[in-house]
Every structure is written in C-alpha cells, then in structure tokens.
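Visitor: Could you use the hints to bring the two separately framed chains together as a complex?
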Amino acid sequence: MIDYFVHISILFSIYAILSLSLNLVVGYAGLVSVAQAAFYGIGAYTTAILTATLGFNFFISVIVGILVAAILGFLAGLVFSKFRGDYYVLATLAFNVIIHSIFINWYDLTHGPLGIPGVLKPNLFGLSFSPNLLFFILSLLFLVAVYGVSRFIAQSSFGRALKAIREDESALKVFGYKTSVFKLSVFVASASLAAVAGSLFASYLTFVDPSTFLLTESIFILSIIILGGLGNLKGSLLGAFILVLLPELLRFVGLPDGIAAQIRQALYGLILIVLMLYRPQGLMGEYKL
Amino acid sequence: MIILETKNLRKHFDGVYAVDDLSIRIEKGEITSIIGPNGSGKTTLINALSGMLDIDGGLVVIEESEKLSKIKPHRVASFGLTRTFQNIRLFEQMTALDNILVVVTDRRVFKAVFETHQILHLKKAEEVLTRVGLWEKRDQLAVNLSYGQRKLLEIARALAMDAKIYLLDEPFAGLSPEMVKVISGIIRELKTQSKTVVLIEHDMGLIRELSDYVFVMDSGKLLAEGQPEEVLQKREVIEAYLGD
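As they're listed, the protein sequences go chains B and D. Whatever position you read off the first sequence (first residue = 1), add 5 for my numbering. Whatever position you read off the second sequence (first residue = 1), add 20 for my numbering.
Just chain D, with the same shape it has in the complex (with noise of 0.2 Å):
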C-alpha cells in the first residue's frame, strides 16, 4: 500500500524551484530513503509534506485518501506524520521531560489546562527517554545537554507522537557510532512495527544498510529511484554527487 505520494510537487524560491514537478510514491511499512548532493531539495521536500513551507503546485496524497494541495502545519499530526530536523530545533529552555511531555498531552486548550491523564502520559514519556537513554537527563533544558543527546532528544520527540510515518531529516549527522546504533536500531525497529519511514541522508555505508528503496534528487528532480545497490551504482548518481 501506497502510504504517501507526490504528484508533480512544486515548491520554489524567487523563481528558482527547489522541488520540481517531483513524483514519488513511498510504501507502508518499508524505510524510504532520499538522497542527493546539498541543495537538491531533499529538506524543501521534507518542509513541504510536513506543512512548514506552503505547496506552489502539486498534490501530497497520504494513505490514498487525504489528497492535499495545502498542508496546514498543525494538522499534520492527525494524518498520522511526524518529523525530526536537519538543524536540531528543540523547545530549548525545557527540560528532555518537557520537550516529550508536550508532544504527548491534550492540543485542545481546555483539556490542556485540565490535564487528567498525567501518570500515562509520565509513562509514555518515561519510555521514549529510556529507549534513547535520556531518562536520567530527564530534568536537564534541552540546551544543556550534548549534540547527540539533543540529535536523540529529537528522536524520541518523534517516537513519542506515535506516528505512522516519519520523516527524519540527517538523524546520524555528526554522530558518534555508538549513537548511530542506538538510531538505526530504533529506525529497524520502527519497521518491525509497520511504521514507515522516510530517511535523508548522506552516508551511504547506512543509505545500504536500511534502506528498503531509494529516491534520489538533483535539482528538486527525481533523478532516478530503486533499490539501494542498484541505484548507488547509476552513472548519473554518481556523477550527481561527484560532479562530471
């Protein structure tokens, strides 16, 4: 099953298109990943499916129904996706409990202020933190805490709005391996539970070890999409990211 698609997107900047007339179909269940050098759209392309850039043309289909040329930001979790970031943007002057808390609570302003469901909402929290380690870091701002503990900090976010799809956008940068473990399991993990997956990244070593399928991008373009082994191989792949 087709769990999200886009149909002949657009999006661009001052006339120059940073996503072109781009159409991608990406399967339930399965870790997609979309590659290509700095600047060929790959974060537009994630900005835009996930409400924060508006759409200039094109449609995004999500689970075959919701068929959209306009994506408001806040409505995107009720169809199920969630996203991490590229530059790391956490709530940064709250705690790694809070910046969980907050995704997990009520959205609706009355029942905001009248939570009733603190003690699940502790556990739900509690056990993101724990399976990316942070639970003993749990009360320290989000600021203070490493690079990495905030890269994680970001995944558990993510982990906890139990999303169906998700984007994350260069989850390893600038990771020590250990930490690298500790994501690509949590990602093999969400495939185990049927979630889907959508991966920017760069390291190839890890676009071959998760992927599933891969999309790959120049210039806002699809420039050629497959299997990780067959599509890395491609001349044109090539020469995208080592130039002619």
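Bound-form chain B, shown alone (with noise of 0.2 Å):
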C-alpha cells in the first residue's frame, strides 16, 4: 500500500512541476500554450538518450535537458512571441504535433514508437535512488525548487510585467514594454521547467516511448491549471494534487474495467464544463481565460 501512495506522489510531484511551469503561461502572460507535453517528453528522451544510450549520469540529463528545451523553447518562442489568442493557441498546438511526430519518425535517436528502455534511475555520489522513496523524495526536491523559481519569476517585477500583459498587451507597449521579449521569456523558462518533469518521468519509468506526449497530454496539463486556478501556483499544486488523484480514487469506485477509462475521460470533461460555469476562474484562481 505504501508502495502505491509513493507512485502517487511521485506522479504528483511531475505534474505538479508541469503545471507550475505552464501556469507561468498561461496564468501570468495570458498565452493559451497546448505544447507543454511537448518540451515534457523533450525532457524526458534528453534524459533516455543521455542515460540508456549513452551512459550519462541523470542528474547531467537533467541540466542538458533544460538547455535543449530552452533552445527549442527560445525557437519555437520567437515565432509564437508574434501571435496572441487564438493563433498562438494553434501555434503551439501545431508545435506539439510537430514534437511528436519528431519523436515516432527519428528513428535512429529516438526508437520510434518502440520507444527507449533502460532509463538509468538517479544515482548521485554513489547514492541511488532506485528505490521509490527515495526517489519520491527526490522528485519532491525538484518540485519545491520549481516552486520556488516559479515564485520568485511570479513575484518579480517580471511577473507583474506578465500580469499587465495578460491584461492589455498593447497598452503595456505604450509604457515602454517590448512585450515580445518578455513573453519568449517566460516561455524559455517555462519549457526548461517542464523539461526536469520530463527527466523525471523518463527516469522513474526507465523507459519512454512518443505515446505518452501527445496533444492530450497538453491539454490535460491546461486542465490541471484551470482547475487549480490560473495565475496562482498553489493553485497549480492543488490542480495537480486532485487530477492526480481523482483517476486513482475512480479505481475504488469499481467501473467495469472496459468502460474505466472512457468514464475517468468523460468525468475529467464534465469537472471542467462545471467549472467553467460556476467559477472559470478555477478553484484558487484570479484570473479568467
């Protein structure tokens, strides 16, 4: 049993870093992104390569796996830094495509859909955290140091500026903001963030295959935020903290197993409409799409 609620935490603690760094971007900058799953498995095959293929320690995984998705985040940023609403919602869902299709199709670095075993698990100073409490613990560090870059970005005067974008981009300009600059920004360091959830992942699985970072993957990471409530971390981490766990308590309920996950799919979509009617603000949120 306690071997079970360690799983779930660990599962936890990734989603919760995902969602914090979406929540930057969508709940501080006001940029609708559906392609974090996409610097997530980023993350993740940086850490498989690295680890299973070419011998790295995981923690190193880690550090180039950040820089890899910055680069791309710094790419793929530049491009959706020119549009807003809708077209940047399509921007990154197109970008997500595009991930995972890089995913299935190279072949040679990446496995294809056979994906990649052998993901080496953390191992720092001869210290490994193959067993899962110490991986969980480990996982939670990684959490608590996303929290607290997240809430230090949050609360600078960076923040505030991504705040005042979300609320009126054009008159922000005005007062002397290249808002460009800042919304790649946030977006650089967003996708660095969610690419040590993919590490993570990649690692406590020791495996990885394209299937897992597909586009509803990023929606369900924005649901996570909606949910918790836009523009407020805590917010992200009770989000994370309730998706999480609502397919676990589902398991109890005793579904059929052949309609389980249709009505876990069906209850995620119906949590949401409610939400959207009564308080589209999210349950800690202070900041409506």
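None of these hints come from the bench; they were simulated from the model. Every residue gets a Cβ at the ideal spot worked out from N, C-alpha and C, and that includes glycine.
Covered stretches of chain D (in silico footprint by chain B; criterion: 3 or more residues with CB under 8 Å from a CB of chain B, positions within the stretch not fixed):
1. 70-82
2. 120-126
In silico SDA-like pairs for lysine to any residue, Cα to Cα no more than 25 Å straight-line:
3. D:Lys-92 - D:Asp-40
4. B:Lys-293 - D:Leu-161
5. B:Lys-293 - D:Asp-159
6. B:Lys-87 - D:Glu-112
Guide: Encoded structure:
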C-alpha cells in the first residue's frame, strides 16, 4: 500500500512541476499554450538518450534537458511571440504535433514507437535513488525547487509585467515594454522547467515512448491549471493533486474495466464544464481565460 | 521651443482619412487642447502619436530632433511621451499599486527578474497614488474601483512615467466636479513643472480655463488654431460643432 502512495506521490510531483511551469505562461502572461507535453517529452527523451544510450548520469541529463528545452523553446517562442489569442493556441498546438512526430519518426535517435528502455535511475555520489521512496524524495525536492523558481518569477517585477501583458498588451507597450521579449522569456523559462518533469518521468519509468507526449497530455496539463486556478501557483499544486488523485480514487468505485478509462475521461470533461460554469477562474485562481 | 510636431500626418481606415494631412506644432511647457466634433480624428491622432496606430504618411517630430515616419509603441516612452485613454485601459486584474509599479520598474527582462530598487519604486507609487487620493485603495483590483477612481488611476499611471509630454484623451469625461478639480489641478501642476500637456476635451469651460493654445479638428483636418477665446468664437468652429 505504501508503494502505491509513493507511486501516486511521484506522479503528483511530476504533474505539479508541469502545471507550475505552464501556469507561468498561461496564468501569468495569459498566453494559452498547448505545447507543454512537447517540452515534457524533450526533457524525457534527453534523459533517456543520455542515460540509456550514452551512459551519462541522470543529473547531467537533467541539466542538458533543461538546455535543450530552453533552446527549442527559444526558437519556437521567437515565432509564437508574434501571435496572440487563438493564433497562439494554434501555433503551440502545431508545435506539439511536430515534436511528437519527431519522437515517432526520428528512429535512429528515439527508436520511434518502440521507445527507449533502460533509462537510468538517478545516482548521486554513489547514492542510488532506485527505491521509490528515495525517488519520491528527489522528485519532491525538484518540485520544491521549481515552485521556488516559479514563485520568484511570479513575484518579481518581471511577473508583474507578465500579468500586465495578460491584461492589456498593447497598452503596456506604450509604457515602454517590448512585450515580445517578455513573452519569449517566460516561454523559455516554462519550457525549461517542463523538461525537468520529463527527466524525472523517464527515469522513474526507466522507459520513454512517444505515446506520453501527445497533444492530449498538453490539454490535460492545461486542465490541471484551469482547475487549480490561473495565475496562482498554489492552485497548480491543488489542481495536480486533484486530477492525479481522481483517477486513482475512481479505481475504488468499482467501474467495469472495459469502460473505466472512458468514464474517467468523461468525468474530467464534466468537471471542467461545471467549473467553467460556476467558477471560471478555477479553485484558487485570480484570472479567467 | 516646439516639443511635438506633426508634418502632413495621414492615417486612413479603408480609404477614409481619419487624420488628413495634419500639421500642428505644440509648444513645450504649454497646455494645448485638441478639440473637434465626434469623429473628427482627435483620438486617432493620439493613437498615431503614441504608436498604437501605424502612420500612413507624414512625419512626427519630437523635440525637433526625432523625425519619425513610423512609431514603435514600446519606444514612445523613451521619447518622454505618455498617455491616458479615452476608454479607460487599466490592467484590470491587478491592484491599483501594481498598475503603477509596472510602469516605474525596469523594462529589461533580467533587471525585472532581479529587481533591486523596490523601495524607490514603492515611494514613487505612493507619491502618485497619494496625489490622486488613491493610496488607501492601493490593494484593490483596478476592476473593482469606481469609474472616477479608475480615471484617476490612469492619470496616476501617466504621472508615474515622469514624462515630458502627456497626451490626455478626455480625462474629465464622466467625472464628478470634485474629481474634475483634482485632475485640472494636476494638469496645472504639470505646467508649472514645464511639462507639456496635450488635452482632448469636449467641455469648453475647461478648455477656456486650462488651455494656452487650441487646435480644432474636423474630418481629420485642421480647421482652426489659436488662443482659446479667439478660436472658440470662430464661425467655422461653431458650425463644426453645431452643424450648419
């Protein structure tokens, strides 16, 4: 039973990191992105390739994953920062599809749909994080670090400017802000943080394949932050807690195996619709889409 | 000294000229009003001067040195120019204090992340919010303030910019006499500080009371200019307002 709770807690940590990172872009800057699974995947594949194929240490792979995601986030963000509103969503959607296609089709690097097995568990100065409890502590430490970074960003003048972009970008420009630079910067920061979650995920499962990093995963992460509350970091934690825990609770309801997954999906949808009707800013949010 | 000048400025929307070959010269340290009937192009002019609309022709000259045929909105502040909006445009889901702080803090990303002058910025915000009587409301979201308070917050935000030129687009519209008094006091203060104010206003009493010089626009063109008393008595100006 403890193993089960530890497993759920690790998943919570990973999704909380993803949600915090996405909230910076969506909740603070008001840019609705559905590309988070792409950066999640970039982190996961970087760790998989570096540790399983090249034998690097997990922690080095995390740093490289952050850098790769930052570079790709920068290149994608250069294009995205020219868009706003619906076009921004469409551009990020296209990016997620492209990156997913690369995971499937760049066979030499990613092994295509077969994925990469044998991803190494973290190891620091001889201390192996193979036991799930230790892995959980490590993922919690990463979560605390990501929360700290996100909070620092959100509470800085930079974070305030992001909110002003969200509220009225063209008015903010008149007050001397080159808003495209701010949008690009937060997108890069968000991509880098999402890659950390990917590294943890790959190492935890010791395996990656493209099926995890579909557009639906990005939408799931978006649902977490909408549920928890846009522009509120604690809301991201709450949203991740609820949406990671919910399917687990449903296991105990005794749904027939054949339809359990579909009912879970329908329930997610229902929760979001009810939320949009009665509390569009999310449980702890301060901003409505 | 001429601080702001337009030379044959043009802006059109689908072939209709909202600003048509407009040449005006605004003196430094004066209160210059731009008046004209609705649809005469006053707000379009302010939007063009502040970079919110692209110019289709002509030039904007700032302090006789910056000659601009294209104005990027984020560069406007560096020319010492700031503005308020006809339809209030605050950062609605942010507090009154944050609405001010965001325009006094650093615009460079790295400096904005690692801000080091918080106390100085807070002092500036306190100063301007106190000036418009909103310091007590500093923690309220802009969206929750009354219409008049929101107008005042926009003025405070402009003041916080420490600009040389203030473009105020109908700052008195819909305000109580007390609030009108506060804002006209602020405009007069700006003049004593040698700041330049460009005022769009419909209240002729206030125009007479505050303006040093008046431009009258009609259908995007300059109809008349001069001292307020002299301009407001011109037949063509009265006709433009009242119709033939």
